[in-house]
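Next come the chains, spelled out residue by residue.
There are 2 protein chains.
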Amino acid sequence: MTLRAGTLYGVGLGPGDPDLITRKAARLIEGAQVIAYPSLAGGDSFARAIAADLIAPGTQEIRMDLPMTTDRAPAQAAYDQGAAAIADHLKRGTDVVALCEGDPLFYGSFMYLHARLSAQYPVEVVPGVTSVTACAALAARPLVARNETITVLPGPLDDAALRDRMRAADTLVVMKVGRHLPRLRALLAAEGLLDRAIYVERASLPAQRVLPLADAPDAAPYFSMILVTRGADPWL
Amino acid sequence: MTLRAGTLYGVGLGPGDPDLITRKAARLIEGAQVIAYPSLAGGDSFARAIAADLIAPGTQEIRMDLPMTTDRAPAQAAYDQGAAAIADHLKRGTDVVALCEGDPLFYGSFMYLHARLSAQYPVEVVPGVTSVTACAALAARPLVARNETITVLPGPLDDAALRDRMRAADTLVVMKVGRHLPRLRALLAAEGLLDRAIYVERASLPAQRVLPLADAPDAAPYFSMILVTRGADPWL
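These protein sequences, in sequence, are chains A and B.
Under the numbering used here, the residues of the first sequence are numbered 1 to 236, in order.
Under the numbering used here, the residues of the second sequence are numbered 237 to 472, in order.
Chain A extracted, bound-state conformation (with noise of 0.2 Å):
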């Protein structure tokens, strides 16, 4: 007799309001018997956080705690240890629900569990609220409307990327704002955006926050974003 396998579930949780988690997350959330997800340097998780009142009491849980470093190496170890961990429960027909802040696939780290276990056991993946438009909703501005474009960019990326995507694109995404502020405005400035450029910060969550991208903090969190629409006449 062959035992089916379990299947691993990447669950979106969306931008951070547990209220903001969609009706299946949140049902493969209760009726979970294992969890998985990832952790910060020995921190909390913040993807735990966001389910925390839909975790049952008893729920088996594998935390991946990823070193705060730039070097690959120690975060693919923990990705392996946790991989394994997860077929344990797989290979024994036993579901894994593997949480995931925002999208599981949109700058999330799921794909590197659904690269170690996909070509073994079945893997669903279920989308999630990003916090793309978490900010659009908290900042109350159109992203884009009939044909305009969007683009999503990374602050990290260098200033002559960033610029060319900035002058190619309508709407203007930048994540993972961070320590990349002041070089972030000032490129903006020098293409003439500054006065369309909205800074969001924890879209969401209790302590969220808007302002003109000008009066910003220089030194921001890490879940900030900037957003410029620059649309012909968005709200017409």
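Source of the hints: derived by calculation from the structure; they are not laboratory data.
Owing to the predicted nature of the structure, the values given are computational and were not obtained by experimental measurement.
Incorrect hints may appear among the rest.
Cβ-to-Cβ under 10 Å is the rule here; a few derived chain B residues that face chain A [what the hints assert, rightly or not]:
#, residue
1, 246
2, 251
3, 338
4, 382
By construction, the Cβ of each residue, glycine as well, lies at the ideal position given by its N, Cα and C atoms.
Starting from the known structure of chain A, arrange chain B on it as the hints suggest.
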């Protein structure tokens, strides 16, 4: 005695599967005394269909019927009428929940209501799962990782605009494919991107399907999308 005005909620419903509605959106719809939604040319409303199981008996419904034309004036008239009907409730202190496919501010029609009502009434936007991440989930492809960029393009753009942006993008998502499919496929082939291009139709709905773009039907439905990922090592 002054009456407190009602709030207009613009509520994202996600890509089509009612299970991808967020907990916040579900609660607002279940508790709504008045809902509003667009429908197309006298036909059914896709937004209403997604939310159907949450709409309580007796809920008042404001339907904005949009004509099937690219001329903007008749649609503007439909939103004018809808906004006036919504305002009648808001001014009496009753909240109105506007149902929006996907996310209200991502190629959504909610901006037309926001433009007409946000100066006089409180408005809150509840972000939703977009079809972009739903398509990636179905195709099981990471959209973007690390410092990659992503650009979303509407298929109706002209060849030159599409070509420039196809060349500049890392990950590329083409929305509103419909009858433009053969032209989009030819453009992607000319750029050497056909091998990496995936066609996704009706993601999250029962009739969903994924195909290599090379095998996609020439006559695609409106709710179809092309996904091109070209990260150097997306799975590692």
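To see whether the hints hold, each was checked on the structure:
Hint status for residue 246 (chain B) relative to chain A: holds, with the closest Cβ pair at about 8 Å, below 10 Å. Checking residue 251 (chain B) against chain A by beta carbon gives a least distance of about 8 Å; that is within 10 Å, so the hint holds. Taking 10 Å as the C-beta contact cut-off toward chain A, the hint placing residue 338 (chain B) at the interface holds, the least distance being around 9 Å. For residue 382 (chain B), the shortest C-beta to C-beta distance to chain A is roughly 7 Å, which falls under 10 Å, so the interface hint holds.
Violated hints are absent here; each numbered hint is respected by the structure.
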